[in-house]
Amino acid sequence: APLSSKAVALVALFSLLVTYAAGAGNFNDSAFTADPNWEDARATWYGAPTGAGPDDDGGACGFKNTNQYPFSSMTSCGNEPIFKDGKGCGSCYQIRCTNDQSCSGNPETVVITDMNYYPVAKYHFDLSGTAFGAMAKPGLSEKLRHSGIIDIQFKRVPCEFPGLKVTFHVEQGSNPVYFAVLVEYEDGDGDVVQVDLMEANSGTWTPMRESWGSIWRLDSGHRLQAPFSMRITNESGKTLVADKVIPANWAPSTFYRSIVQYS
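With mature numbering (1 follows the signal peptide of the UniProt record, and there is no 0) applied, the sequence shown corresponds to residues -23 to -1, 1 to 240, in that order.
Simulated from the structure, these hints should not be mistaken for lab results. Please note that a few of the clues may not be correct.
Dumping the calculated DSSO-like pairs for lysine-lysine here, alpha-carbon to alpha-carbon at most 30 Å [said to hold, decoys possible]:
| # | residue 1 | residue 2 |
| --- | --- | --- |
| 1 | Lys221 | Lys114 |
| 2 | Lys120 | Lys64 |
| 3 | Lys99 | Lys221 |
| 4 | Lys132 | Lys61 |
| 5 | Lys64 | Lys41 |
Using C-beta positions, here's what the derived DEER-type ranges look like [what the hints assert, rightly or not]:
| # | residue 1 | residue 2 | range |
| --- | --- | --- | --- |
| 6 | Gly125 | Ala177 | 48 to 56 Å |
| 7 | Gln202 | Gly125 | 47 to 55 Å |
| 8 | Lys221 | Lys99 | 43 to 51 Å |
| 9 | Ala228 | His123 | 17 to 25 Å |
| 10 | Gln202 | Asn14 | 26 to 34 Å |
| 11 | Asn178 | Ile236 | 17 to 25 Å |
| 12 | Ile236 | Glu57 | 15 to 23 Å |
| 13 | Asn42 | Asp196 | 23 to 31 Å |
| 14 | Pro224 | Arg73 | 37 to 45 Å |
| 15 | Asn76 | Ala228 | 25 to 33 Å |
| 16 | Asp77 | Ala25 | 33 to 41 Å |
| 17 | His123 | Pro224 | 45 to 53 Å |
No residue lacks a Cβ here, since even glycine has one placed at the ideal position from N, Cα and C.
Please put together the full structure from these sequences, using the hints given.
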């Protein structure tokens, strides 16, 4: 009897996995679902007390000007379960603290823009000074920052970047046979797990490789023919296509805004 019940359980598990795999790439599947439960973590902060991390850039993810809209300095490093070798870049979390007397207990939303290399807990948010202080009661931000390391709670939430479409930044060093692009401002999951490129008139998608953070690259054996269409896939398996978003006269170190966004 025990063997047969194990067999039934295995069949049920296999069936569940097959069902999930079959629906993973279906655009009509439900979008990313927020985590309903708060989990425990620890938080520290770095950079300027009211900054967005060192030099106000995104460090290990490649995002720039994170002190400006839409990140608005509400940024954080995440350790590996949060950073996910760069595939967690751009994901959004609500954080709150209640144990410190300076804590407001109100949830604040942060975006993962960097890697935390020296975690002090299973889940460790190394926040910008701005984000750390945002968890405080009014007027007590500086006092909370003086606490240094605090216990917090967190949960994953969908990202919302009002007024913005998915944006592609062609990275410095890109040339006719090497193309690297940073992808940002994805609503919903907020992150990207695959990027594909279609050259002009090719009709074929070529997979790009994750270079680091949110930067994806294509090392080509031939001169790439622009304009390029870009296809991105998020963690939930939903894809978006930005048709001919990179023009024929593209240039390195340039932003190209698409007209598409995850709904």
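Quiz item: Within 30 Å, alpha carbon to alpha carbon, are Lys120 and Lys64?
Solution: This hinted pair is violated, its Cα atoms lying about 34 Å apart.
Quiz item: Per the hint of 33 to 41 Å, is the separation of the Cβ atoms of Asp77 and Ala25 within bounds?
Solution: violated (21 Å)
Quiz item: Can the suggested window of 47 to 55 Å be confirmed for the beta-carbon pair Gln202 and Gly125?
Solution: holds (54 Å)
Self-check item: Holds or violated: Lys64 to Lys41, with C-alpha atoms at most 30 Å apart
Solution: holds (17 Å)
Quiz item: Falls inside 37 to 45 Å, the C-beta gap from Pro224 to Arg73?
Solution: For Pro224 and Arg73 the Cβ distance comes to about 44 Å; the hint holds.
Exercise. Hint says 17 to 25 Å; check whether the CB-CB distance for Ala228 and His123 agrees.
Key: This hint is violated: roughly 46 Å between Cβ atoms.
Quiz item: Holds or violated: 23 to 31 Å for the Cβ distance of Asn42 and Asp196?
Solution: holds (28 Å)
Self-check item: Verdict for Gln202, Asn14 (Cβ pair) under range 26 to 34 Å
Solution: violated (49 Å)
Quiz item: Taken at face value, is the distance from the CA of Lys221 to the CA of Lys99 at most 30 Å?
Solution: It is violated: about 42 Å lies between the C-alpha atoms, which goes past 30 Å.
Quiz item: If you check the beta carbons of Ile236 and Glu57, does the distance land in 15 to 23 Å?
Solution: violated (35 Å)
Self-check item: Cβ distance range 25 to 33 Å for Asn76 and Ala228, holds or violated
Solution: Violated, since Asn76 and Ala228 (Cβ atoms, about 50 Å apart) do not stay within the stated range.
Quiz item: Is the hinted range of 17 to 25 Å satisfied by the C-beta distance from Asn178 to Ile236?
Solution: holds (21 Å)
Hint violations for this structure: numbers 1, 2, 3, 9, 10, 12, 15, 16, all remaining hints satisfied.
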